[in-house]
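Can you make the complete structure from the sequences, with help from the hints?
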Amino acid sequence: MVDFLRDFIKVLRASDVRISTSETIDAMNVASVVGLEDKILLKESLSQSLAKSLREKEIFEECYENFFKESYMNFSSPDDKKDDNFNDANKDIDSELDQDIFPGEEDLESMYNESDRTALMSSMALASREVGLSQIRLFTQTGMFTRKIFEFMGLEKLNNDIFQASREGNLERENDLKELRERIRLEIRDYVEQQVKLRTSQSGRQLREEALSQVRLSQVDRSDLAIMINIVRKMAKRLVSLHSRRKKKANRGQLDVRSTLRANQGYDGLLFETVWKKTKVNRPKVITLCDVSGSVANVARFFLMFLYSLSEVLPHIRTFAFSNKAGEVTDLFETKDIEEASAETLLLYGGGSTDYGQALIDLEGFIETEIDKKTTLIILGDARSNFGDPRADILKSLQEKSKRVIFLNPEPKGLWGTGDSEMKRFLPYCGKARYCSSLKDLERVVDDLLRMAF
Amino acid sequence: MAKAKLSSTNKSKESIEEIQANFEREGYICNSHIATAIYLSQALEKPILVEGPPGVGKTELAKATSTWMKKPLIRLQCYEGLDEAKALYEWKYGKQLLYTQVLKDKLNDIISDTIGLEESLESLHDFDDIFFSEKFLEPRPLLKAINSNEGSVLLIDEIDKSDDEFEAFLLEILSDYQVSVPEIGTISGKVRPVVFLTSNNTREIGDALKRRCLHLYIPFPDSTLEEKIIISRVPELDKKLRMHLVSFVQNLRELDLKKVPSVSETIDWGKSLVLLNIKTLDPVIVRETLNVLLKFQSDIDTADSEIEALVRVSLNETK
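Those sequence lines, one after another, are chains Y and X. Mapping the first sequence onto our numbering, position 136 (from 1) lands on 144, and the numbers just tick up by one. Mapping the second sequence onto our numbering, position 299 (from 1) lands on 332, and the numbers just tick up by one.
None of these hints come from the bench; they were simulated from the model. Watch out, some of these pointers could steer you wrong.
Non-contacting residues of chain Y with respect to chain X, defined by C-beta distances greater than 10 Å in every case (computed) [unchecked claim]:
| no. | residue |
| --- | --- |
| 1 | S57 |
| 2 | H324 |
| 3 | I402 |
Here are the simulated BS3-like cross-link-like pairs (lysine-lysine), alpha carbons at most 30 Å apart as the crow flies [what the hints assert, rightly or not]:
| no. | chain 1 | residue 1 | chain 2 | residue 2 |
| --- | --- | --- | --- | --- |
| 4 | X | K292 | Y | K293 |
| 5 | Y | K286 | X | K119 |
| 6 | X | K137 | Y | K242 |
We put the CB at the ideal spot given by N, CA and C, even for glycine.
Structural data, given as structure tokens:
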């Protein structure tokens, strides 16, 4: 039982469910409380002790089905029952299992011919445990593991038998045995392949996620979009939990008598420290202006996604998009889900030729009354304005009114100011200008922003 | 061992069925998932974290458990800014001050026959702890639950509304069922309380807290279960109408709504239909009473155009 649970938890972990040691112990306790006979009950109980969110429950469901599809329980129970010897049927399996320990001595042939599938399966399971099948990570290892398991199960004896039959000239038996060998081999390969699927489908994905988060955003393939969205969400979640609900006690307002008395107990009741009832929650105001023209459209999509996933930490976020004319897309983002909204934004505002001057004029019109000293303005774009007047003077006035202006540019610093890039003219008015081209960069920048507590 | 295991499965199944039956007697209809969670939490002495959309009976579960077990229900409603003074304990400052004033003379007596500051301080030291004893302690829900002699059901409601700090503070209580009061020491209970935590998922609960709990997700009930719930809560409702009503609500949940109708709203709707003495569902009635089910104008507008179709479907489905 311990073995199968440990194995199952390994599969769950590989599928991106976080399970701690204490939860493993819980699962063991749960299994010993409810027993193994009732699979539905066991599944429900394990799900309650291992999968701790709706998403994890879904993954759990899938893993459980896959894991027990090949009636894995049958493999492990004989092992358990070995200590018990509680009926004859199991004794048979026991003796099979005992033989397994000396590979080659068992008779694969009779096992197969008597169509004792359970025995075959359990022998296979034992062999795979012995050769460490659970370590398999890549599908290219399938052949090797198949061979190893087969050898452990007694390939040598079978080969010997075939050799002997051919020497004796018993052609019929030779062919029979050869066919048998082939069938068992296929059987083992199926089993191994299934295990590979179970164990590697997610770990490959993890590798991919890691690679993708470092790749340049503009180079991301469309087919990877789904994975990217996932990464963006994960990063945003991490940042949210790091920075959410930063509060500080206000230093004026109504006196909290109880807390004050308590805080001053150390001073013999003399009130040195005062505690006030009001707590101040930091709610930064953020306005983002996002370039969605052709050259940066791919990057902008992720910028938008990311900033939007962050909307939990930044409840007052307004988003504007532009290529030549700027427009507000905040509503779009509030009512639709992230992917749909960013797609629509690109449709509405994307594709045109970039004009920073016009965009800034429009932006100023939108936010003139709202911008104040608590506002952070974030501009995402490559600052390539097609040789039009970038109207840096508007950025200057916005900078004077706001708390600060941050410019995130997907182009490396060396390219700033080359060709039609107006970055050099914007730079004096940006509190911060950063090169930001991969999700890792983006995460670092946003983390940095949040750390400064707006 | 195998025999023991066999019986342990049977025993668990029996207990789970028993729990389910007990809940049913208390008017709380649940499926085996919920009963399993209760059973496991008792067997492992672990708190249960209950999640699910609003109005599926998370709080109700704790209430039903308390009436069934005949243990008092101690409820702690979480909100932003909840701290340990409100959740755990508080010193009775007024009483402390009053007593020091009243006992002033007595204190004088104690130190009157001492010579020098040091000696009087010494003799005071023997007494000062009386003002920080349990007599001056005002227990709040958590301390009450831990201290109770005959056990209790502790409901920590809407844990997601509280701050991260409070969540961290709960860890000690949930894993060891003990609390430390700096002035007194550690207080641990004689009987472990049955603990429920509920969350609406307005924010993600920390991993540390999740690790200490069993996790139960209660989704919206399927039509059979919901019908059972209606039978138990609104027994006056005509059988046919009940089937129509449940199927209507089930279909309504499929629509793209801001807030889908919860079980408690289905119950309310059933009650209002009984009150209005209505025998069959028709679009006019539904339209008039829709505000019992839907709480947003935009939702009512969305549903409005679909009502005819929904009513027709639910009448057909249950034929």
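Hints, verified against the model:
With a cut of 10 Å on Cβ distances, S57 of chain Y falls inside the contact zone with chain X, its closest approach being about 6 Å. Against the 10 Å criterion, H324 of chain Y stays outside the reach of chain X, whose nearest CB is about 18 Å from its own CB. Look at I402 of chain Y: its CB is around 37 Å from the nearest CB on chain X, clear of 10 Å, so calling it non-interface holds up. This hinted pair checks out: K292 of chain X and K293 of chain Y have alpha carbons roughly 28 Å apart, not beyond 30 Å.
The hinted pair formed by K286 of chain Y and K119 of chain X meets the criterion: a straight-line CA distance of about 16 Å does not exceed 30 Å. Annotation: proposed proximity of K137 of chain X to K242 of chain Y is violated, straight-line Cα distance about 62 Å (limit 30 Å).
In summary, the numbered hints that this structure violates are 1 and 6.
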